[in-house]
Amino acid sequence: MKIEMKTKRRIVDSLYYIGVIIVLIAVLFPFFWMVLTSIKKELDVLSIPPKIFFEPTIENYTFVFERSSIIKGLINSLVIVGGVIALVIPISMLAAYSFSRFNVGGGHFQFYILTVRMFPPIAAIVPYFVIFRNFGLLDNIISITLLNALFNMPFTIWLLVGFLREIPQDLEEAAMIEGASRFEAFREITLPLIAPALAVAAIFAAIFTWNEFLFAFILTRSEAITVTRVMAGFYTERGILWGPLSACATLCTVPMFILALMIQKYIVRGLTFGAVR
Amino acid sequence: MATSTSRLNTKLIPAPFFPLANKKIDGISKMSIKTEKYVPYLLVLPALVLVFGLTLYPLFHALYYSTRDTDLTSPIPDTFIGINNYRKMLNFDSTLSDAYVRSLTFTAGCLVLQIPLGLGIALLLNRPIRGHKIFRAIFAMPLVVAPIAIGQIWRMMYHYEFGVIKYLVSSVFGTSPNWTADPNWAMISIIIYDTWQWTPFVALILLAGLQGLPPEPYESATIYGASAFQKFRYITLPKMRPLIGLAAIFRMIDTLKTWDPIWAITWGGPGQATETLSYYLYRIGFRYFWVGYASAVSLVFLYIVIVVSTVALRKGAKL
Amino acid sequence: MAGVSLKKVSKKFGDTTAVEDLTLEIKDGEFFSLLGPSGAGKTTLLRMIAGVEKPDKGNICIDDVVVTDIPPKNREVTMVFQSYALFPHKTVYENMAYPLRKRKIPEAEIKKIVEETAEILHISPLLSRLPKQLSGGERQRVGLGRAMVRQPKVCLLDEPLTNLDAKLRVEMRGEFKKICKNLQTTIVYATPDQLEAVTMADRIAVLDRGRVLQYDTPDSLYDHPKNLFVAGFIGSPAMNFIDCTLVEKNEKTYLDAAEFKYEITDKAEKIRKKCTTQEIVLGTRPEDIELDVSRQKNAIQADVSILEPMGHRAIVHVQIGKITLVANVNLLGLKAGDRIWLRFNKQKIHIFDKKTGISIM
Numbered sequence: 001m002k003i004e005m006k007t008k009r010r011i012v013d014s015l016y017y018i019g020v021i022i023v024l025i026a027v028l029f030p031f032f033w034m035v036l037t038s039i040k041k042e043l044d045v046l047s048i049p050p051k052i053f054f055e056p057t058i059e060n061y062t063f064v065f066e067r068s069s070i071i072k073g074l075i076n077s078l079v080i081v082g083g084v085i086a087l088v089i090p091i092s093m094l095a096a097y098s099f100s101r102f103n104v105g106g107g108h109f110q111f112y113i114l115t116v117r118m119f120p121p122i123a124a125i126v127p128y129f130v131i132f133r134n135f136g137l138l139d140n141i142i143s144i145t146l147l148n149a150l151f152n153m154p155f156t157i158w159l160l161v162g163f164l165r166e167i168p169q170d171l172e173e174a175a176m177i178e179g180a181s182r183f184e185a186f187r188e189i190t191l192p193l194i195a196p197a198l199a200v201a202a203i204f205a206a207i208f209t210w211n212e213f214l215f216a217f218i219l220t221r222s223e224a225i226t227v228t229r230v231m232a233g234f235y236t237e238r239g240i241l242w243g244p245l246s247a248c249a250t251l252c253t254v255p256m257f258i259l260a261l262m263i264q265k266y267i268v269r270g271l272t273f274g275a276v277r
Numbered sequence: 001m002a003t004s005t006s007r008l009n010t011k012l013i014p015a016p017f018f019p020l021a022n023k024k025i026d027g028i029s030k031m032s033i034k035t036e037k038y039v040p041y042l043l044v045l046p047a048l049v050l051v052f053g054l055t056l057y058p059l060f061h062a063l064y065y066s067t068r069d070t071d072l073t074s075p076i077p078d079t080f081i082g083i084n085n086y087r088k089m090l091n092f093d094s095t096l097s098d099a100y101v102r103s104l105t106f107t108a109g110c111l112v113l114q115i116p117l118g119l120g121i122a123l124l125l126n127r128p129i130r131g132h133k134i135f136r137a138i139f140a141m142p143l144v145v146a147p148i149a150i151g152q153i154w155r156m157m158y159h160y161e162f163g164v165i166k167y168l169v170s171s172v173f174g175t176s177p178n179w180t181a182d183p184n185w186a187m188i189s190i191i192i193y194d195t196w197q198w199t200p201f202v203a204l205i206l207l208a209g210l211q212g213l214p215p216e217p218y219e220s221a222t223i224y225g226a227s228a229f230q231k232f233r234y235i236t237l238p239k240m241r242p243l244i245g246l247a248a249i250f251r252m253i254d255t256l257k258t259w260d261p262i263w264a265i266t267w268g269g270p271g272q273a274t275e276t277l278s279y280y281l282y283r284i285g286f287r288y289f290w291v292g293y294a295s296a297v298s299l300v301f302l303y304i305v306i307v308v309s310t311v312a313l314r315k316g317a318k319l
Numbered sequence: 001m002a003g004v005s006l007k008k009v010s011k012k013f014g015d016t017t018a019v020e021d022l023t024l025e026i027k028d029g030e031f032f033s034l035l036g037p038s039g040a041g042k043t044t045l046l047r048m049i050a051g052v053e054k055p056d057k058g059n060i061c062i063d064d065v066v067v068t069d070i071p072p073k074n075r076e077v078t079m080v081f082q083s084y085a086l087f088p089h090k091t092v093y094e095n096m097a098y099p100l101r102k103r104k105i106p107e108a109e110i111k112k113i114v115e116e117t118a119e120i121l122h123i124s125p126l127l128s129r130l131p132k133q134l135s136g137g138e139r140q141r142v143g144l145g146r147a148m149v150r151q152p153k154v155c156l157l158d159e160p161l162t163n164l165d166a167k168l169r170v171e172m173r174g175e176f177k178k179i180c181k182n183l184q185t186t187i188v189y190a191t192p193d194q195l196e197a198v199t200m201a202d203r204i205a206v207l208d209r210g211r212v213l214q215y216d217t218p219d220s221l222y223d224h225p226k227n228l229f230v231a232g233f234i235g236s237p238a239m240n241f242i243d244c245t246l247v248e249k250n251e252k253t254y255l256d257a258a259e260f261k262y263e264i265t266d267k268a269e270k271i272r273k274k275c276t277t278q279e280i281v282l283g284t285r286p287e288d289i290e291l292d293v294s295r296q297k298n299a300i301q302a303d304v305s306i307l308e309p310m311g312h313r314a315i316v317h318v319q320i321g322k323i324t325l326v327a328n329v330n331l332l333g334l335k336a337g338d339r340i341w342l343r344f345n346k347q348k349i350h351i352f353d354k355k356t357g358i359s360i361m
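Residue numbers (this note's numbering), protein chains in the order written: chain D, 1 to 277; chain R, 1 to 319; chain H, 1 to 361.
Hints are not guaranteed to be accurate.
Unchecked claim - Simulated pairs of lysine-lysine, DSS-like, Cα-Cα distance not exceeding 27 Å:
{"#": "1", "chain 1": "H", "residue 1": "LYS274", "chain 2": "H", "residue 2": "LYS252"}
{"#": "2", "chain 1": "H", "residue 1": "LYS181", "chain 2": "H", "residue 2": "LYS102"}
{"#": "3", "chain 1": "H", "residue 1": "LYS102", "chain 2": "H", "residue 2": "LYS90"}
{"#": "4", "chain 1": "D", "residue 1": "LYS265", "chain 2": "H", "residue 2": "LYS132"}
{"#": "5", "chain 1": "D", "residue 1": "LYS265", "chain 2": "R", "residue 2": "LYS133"}
{"#": "6", "chain 1": "H", "residue 1": "LYS297", "chain 2": "H", "residue 2": "LYS270"}
{"#": "7", "chain 1": "H", "residue 1": "LYS181", "chain 2": "H", "residue 2": "LYS112"}
{"#": "8", "chain 1": "H", "residue 1": "LYS273", "chain 2": "H", "residue 2": "LYS226"}
{"#": "9", "chain 1": "H", "residue 1": "LYS270", "chain 2": "H", "residue 2": "LYS249"}
{"#": "10", "chain 1": "H", "residue 1": "LYS354", "chain 2": "H", "residue 2": "LYS335"}
{"#": "11", "chain 1": "H", "residue 1": "LYS261", "chain 2": "H", "residue 2": "LYS112"}
{"#": "12", "chain 1": "H", "residue 1": "LYS132", "chain 2": "R", "residue 2": "LYS133"}
{"#": "13", "chain 1": "D", "residue 1": "LYS265", "chain 2": "R", "residue 2": "LYS88"}
{"#": "14", "chain 1": "R", "residue 1": "LYS231", "chain 2": "D", "residue 2": "LYS6"}
{"#": "15", "chain 1": "D", "residue 1": "LYS8", "chain 2": "R", "residue 2": "LYS231"}
{"#": "16", "chain 1": "H", "residue 1": "LYS346", "chain 2": "H", "residue 2": "LYS226"}
{"#": "17", "chain 1": "D", "residue 1": "LYS265", "chain 2": "H", "residue 2": "LYS90"}
{"#": "18", "chain 1": "H", "residue 1": "LYS348", "chain 2": "H", "residue 2": "LYS249"}
I should point out that these hints are in silico values taken from the structure, not numbers from a laboratory.
Chain D with its partners taken away, still in its complex shape (with noise of 0.2 Å):
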């Protein structure tokens, strides 16, 4: 009888971590393929069946940094970025202490903004390629940057807000009480305690603005142009430049894994608008 059970475990544990990698190989493998692809010669690439040995490559490297438009792309795709934290870190730290310390519009303000969120962007962006075409807007890296800026806000608001949550006011009022005006209050011991959230949020909006590519793809040309209209831009009259493409792709993947490793703690968090935790 005791064998059987010591057995019975074993099989299940066994199972467990069976199960286990199976997952994990399922996650892992796309990443996987897409990198060995983009060492890969064009006649590997498109060999019958798919090869795993093979003599890598760089040739798709220099292709994408010769023949591509990544190098104006990352440019540009940085400088949005930095456009949009820029705006939305200040804007949304402002916004969400105005909710969570003073509840102002009593939730209302909030709902609407959450709603922001709801809105499918391509349901969106008729009338913004109306408008921006008629104001003259179009591929313009400033348009681009609101807009991105416009879209992170609910989010960056939603997840200060739960941050802001856990730094009791007390510590403000303290600070009032002994002599700080509610700026300086601000200044001094909230902004400090808040920080690491608002390093959170930045990388957050960082990934969403750099991923985008809808609204990159129909309000900008050649001179906005972001790494995800590069990522698009690889087929020709033959078809599909896959070798290249796959060395843009993790060329544009490796900095989000990084800064994904940064927030990992934070990512359920984030993604549900701090209603997980």
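Could you slot chains R and H onto chain D? The hints should help.
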């Protein structure tokens, strides 16, 4: 103790260093009280200006155009046609209703796959294994990669000639569907992609929930001889229902909005097989440039999504 | 040092009334305690005096100056929060130096004052530590230290001893009183613990649900409580309350408590004049009950149910039929189950109108 307190009477108390409050009353402090009332509103102002400005103005714009037959490719100036665009949506356009159906199919398919799978993975991982951080980091990867980038990689993997998915599937089953080129399988390809990308998200949410469950009910159940399945059905499931509902609501809202992967994997094709409402809107708005009609469809779409999301969230909040 | 006066102050939070039409005078330099159960409004009052909460109605004056609209930093008050509200990202030294920095006092002076204050509170070795590295008792002393470094007109304390463990609390009570006495500031001390209030304060205001029920010296509150609530709140063990009916028989007036009758003919006039009803509550403190093993004149028969010995005295629970009374008496060699005879100290009984709760005598 006693020795130090004897110093209290003389040395400790510092002489007052500052003027009495009375004097300050007639100065800046009075003004700051008056303006204090408006500070909260001032703080939210920039956020509201940005949000209102960039949402309301386009909304009115869309309303305006939805009553016109604007076609950006046509040299003829647009005219006012009242509610004809809306009538067209309800009566004539079968492609539109097909798009609605496809959206529903996509959302339903995703939910049916992602929620149970996510729950299963969460249950799998809900053990005291160290390496939680690694799981979180790995599961975060599909969520932070640009759909346009990894989506095209999937397109490559689905390729009917050299695609690795086709290869693996035919090795196991002998044959493989023509994933992205077969109208019957195209939608499934996209659903599979979406599942790959978002199931980790569902799993992470549910895992957090599972880890927050108290152990006592399970211990009592073990004492009473309950099986693992019974424990799951009568303890775990009821307690996890609110969280599962929340995850489902988030996925539902997000799948309605999905656009990037469709472009990346199938371009809405073959034909219109994977053309959900989002993609349909893109086609009429930016390939045919029927701005007037597109505005009308956008507005209705927006309205539906917001209503559905609000109702779902309210119900979810009640749970 | 300044007096604080609250005139007809009211504050509501949504539908809940925290404080209602409250008027209070706190004297210059006194140790004043706000006593009451949770939700009585003590914290709200303190916050309104401090200025972080604004009253809906009424005025608050510090030192005869109306401060209702003045921001907290200009009011010259200081406050020790129940949670101590220590700045988690600043060291103990920085926490204590903060009020002085805000007053633009030169660094050298600040160092001197902070170090002296730390010396008195015995927290000198902790000056370079962060709050999260401190124990509860240490944090409390840092909170106190931060309040002590400048000389405020009023020092507000919100249940500072509540979060300490029992033993520490008793130790700190004595220390606290000493420190506060030497501060020479007006002190307003909120607590739900009547023992703290009674041992430390010059005067106490008993609060319940936003209203002041009585404010007076501890002795007056003990000897002359104005209503049932105050009588039952002050004093430990609590006063015994017995429901009775005013009854007249054979030209004598009795308080009929079903299990026994108590004659009060000499006080009958007074009672009838002030009372609105025949329903009376008879109150007597445990220390005012006399127990005897042998029958005495006018004594009531009772059985000992529980005995809690405390050194040379004991808390004795006695049963008169269905009525249970608690007595605090010298140990008489009693045991549970003994039959004893009980007498009330007639000078010290309290009579309350059951309907209004007000004391009649």
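Against which earlier hints does the structure fall short, listed by number upward? Violated: hints 10, 11, 13.
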